[in-house]
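Could you put the whole structure together from the sequences, leaning on the hints where they help?
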Amino acid sequence: MRNAVSPSELFQSFRRSALKLEDIAAHPALHRYVQEQSQSLIRIYEETPRLASIFATQQRWLMGHVGLAMHFRRDPNDRRKELTVSRFIEVVHKNAVASRNTADAFIKEMLHYNIAEYVAGGDGRTHPLQPTAATIERFTGWVIAHLRTLDHIDGGDRLTRFLDRPDMLATLQPLIADGLLASKPVREPNQTFSLFIWLNNGGIVMDWLMSGIDPDHASLERIPTSVVSIGDFARWLKLSRTHLGRKLRTAEELGSIGWLGQRGHSVMWVSHGFYEEYMTVQAAKLAVVDTAFETCFPPSPGGG
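In terms of the working numbering, the sequence shown opens at residue 12 and continues consecutively.
Because the hints were derived from the structure by calculation, they are not lab data. Each residue gets a CB set at the ideal place from its N, CA and C atoms; glycine is no exception. Certain hints may be false.
To be verified - Straight-line C-alpha distance at most 30 Å; calculated DSS-like pairs for lysine-lysine: (1) K92 to K195; (2) K31 to K119; (3) K92 to K105; (4) K195 to K119; (5) K92 to K119; (6) K249 to K119; (7) K105 to K195; (8) K195 to K31; (9) K195 to K258; (10) K105 to K31; (11) K105 to K119.
Stated by the list, open to error - Now the in silico label distances, taken between C-beta atoms and shown as ranges: (12) G166 to E120: 38 to 46 Å; (13) E58 to M179: 34 to 42 Å; (14) K249 to A145: 13 to 21 Å; (15) G152 to R84: 20 to 28 Å; (16) H276 to S230: 23 to 31 Å; (17) S230 to R260: 20 to 28 Å.
In structure tokens, the structure reads:
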């Protein structure tokens, strides 16, 4: 009697190219895999909260991707392709990520906190920039977390292939950045997700909420989380309790979160709709990463 085919084997048997958002979203174990991914990103935050918090709103996160892509696409022999403050501001504005003033303030903050630095021996007139080694290391952790999730989904070997060629980050990241900038689900998420992406550390807020969910409860209309105390939650995130509480109250008014008992003194729940919003954005990001990966690491003839 033939053994049952696992979901990963089934996905792998149909796989001919990068997974699409719909493929990823339909995987029966996606909830569990994304939860593991969220936990990995939370560990990165805990190890380097200053660096992680810099990129903790969607706008800043996208500006970070823009800056990294410009760094990896630089050409030391062509000043027009160097990462400079003026070029960064122009690219951010051109892609409607942020205003010129916001982009200027962001890059100054990157320099102040040693997330970016001036290139040693660079042209004194243009002052080319580059991300620090620590910044690239932490971003590599972000890539690893997403490749591991994709491998879980279809039984692939992306992570092994990437770790065998870590130098390919310089090719992979700019393609990821291009994909994120072009992705409507990522850039124009639904209502509750949009509410949190403008909150400082909003991405981590959502990762923390979702990481504490039992995947077996994902079909419930009100899904319990691990959050009880808003104060403890705010302190861990290094956020103002008042600011976080205001956002949570707005989400509560939308019907996206609530408490099983007294507000702020019982387990918080998230609505099924909010959970699905979060999972849709995660699936969209994973699809972008997979498309970039397949461009950099095309499958060998006859291989997976």
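Hints, verified against the model:
{"no.": "1", "hint": "K92 to K195", "result": "holds, 27 Å"}
{"no.": "2", "hint": "K31 to K119", "result": "violated, 37 Å"}
{"no.": "3", "hint": "K92 to K105", "result": "holds, 16 Å"}
{"no.": "4", "hint": "K195 to K119", "result": "holds, 29 Å"}
{"no.": "5", "hint": "K92 to K119", "result": "holds, 20 Å"}
{"no.": "6", "hint": "K249 to K119", "result": "holds, 22 Å"}
{"no.": "7", "hint": "K105 to K195", "result": "holds, 16 Å"}
{"no.": "8", "hint": "K195 to K31", "result": "holds, 14 Å"}
{"no.": "9", "hint": "K195 to K258", "result": "holds, 24 Å"}
{"no.": "10", "hint": "K105 to K31", "result": "holds, 27 Å"}
{"no.": "11", "hint": "K105 to K119", "result": "holds, 19 Å"}
{"no.": "12", "hint": "G166 to E120: 38 to 46 Å", "result": "holds, 41 Å"}
{"no.": "13", "hint": "E58 to M179: 34 to 42 Å", "result": "violated, 24 Å"}
{"no.": "14", "hint": "K249 to A145: 13 to 21 Å", "result": "holds, 19 Å"}
{"no.": "15", "hint": "G152 to R84: 20 to 28 Å", "result": "holds, 22 Å"}
{"no.": "16", "hint": "H276 to S230: 23 to 31 Å", "result": "holds, 27 Å"}
{"no.": "17", "hint": "S230 to R260: 20 to 28 Å", "result": "holds, 26 Å"}
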